[in-house]
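K.L.:
Using numbering that gives the first Met the number 0, you'd call the opening residue of the sequence shown number 0 and step up by one each time.
Possibly wrong hints are sitting among the right ones.
[To be verified] DSBU-like mimics (lysine-lysine), calculated; alpha carbons at most 30 Å apart, straight line:
1. LYS36 to LYS69
2. LYS19 to LYS94
3. LYS94 to LYS14
Treat the hints as calculated values from the structure; they're not laboratory data. Being a predicted model, the structure only gives us computed values, none of them experimental.
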Amino acid sequence: MCIFSRDITSVFATKIFTRKSAPDRQYLVYEMGYLAKEELAMILPLPIEQNPGEEPVRFIDLSGYGDFFKDLDSPFDKYFGRSLSMKVGDSVGLKVHSVGEFGSLLCAIDRGV
């Protein structure tokens, strides 16, 4: 489930792919469409180790592979799901990673929250 930094009109066509590739490694690909009246950030919470070190997540730019989900979906029937969104306040002091035409950032949260 993702979170948006500003009000949105609509979220649609959400697609998620995840796969474990090693005992301590997994891949996550997330795609969605949205309508909004202003620029915003999409926040996607990811579980990571308590003290993961400097860079526990590596971002891979798939903007050049527009058919990723189409290629994955072609052998299977279509399934439809729902996602819920919530509004949160602005964050400061986080490192932004460039991923294609988007910026992405990583922050740790207390699992007790």
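K.L.:
Quick one, are LYS36 and LYS69 close enough, alpha carbons at most 30 Å?
P.N.:
Given pair LYS36, LYS69 holds - Cα atoms ~28 Å apart, limit 30 Å.
K.L.:
Below or equal to 30 Å on CA atoms is what counts here, so check LYS19 against LYS94.
P.N.:
holds, 26 Å
K.L.:
Mind checking the alpha carbons of LYS94 and LYS14 for me, to see if they're no more than 30 Å apart?
P.N.:
This hinted pair holds, its Cα atoms lying about 26 Å apart.
No hint from the list above goes unmet by this structure.
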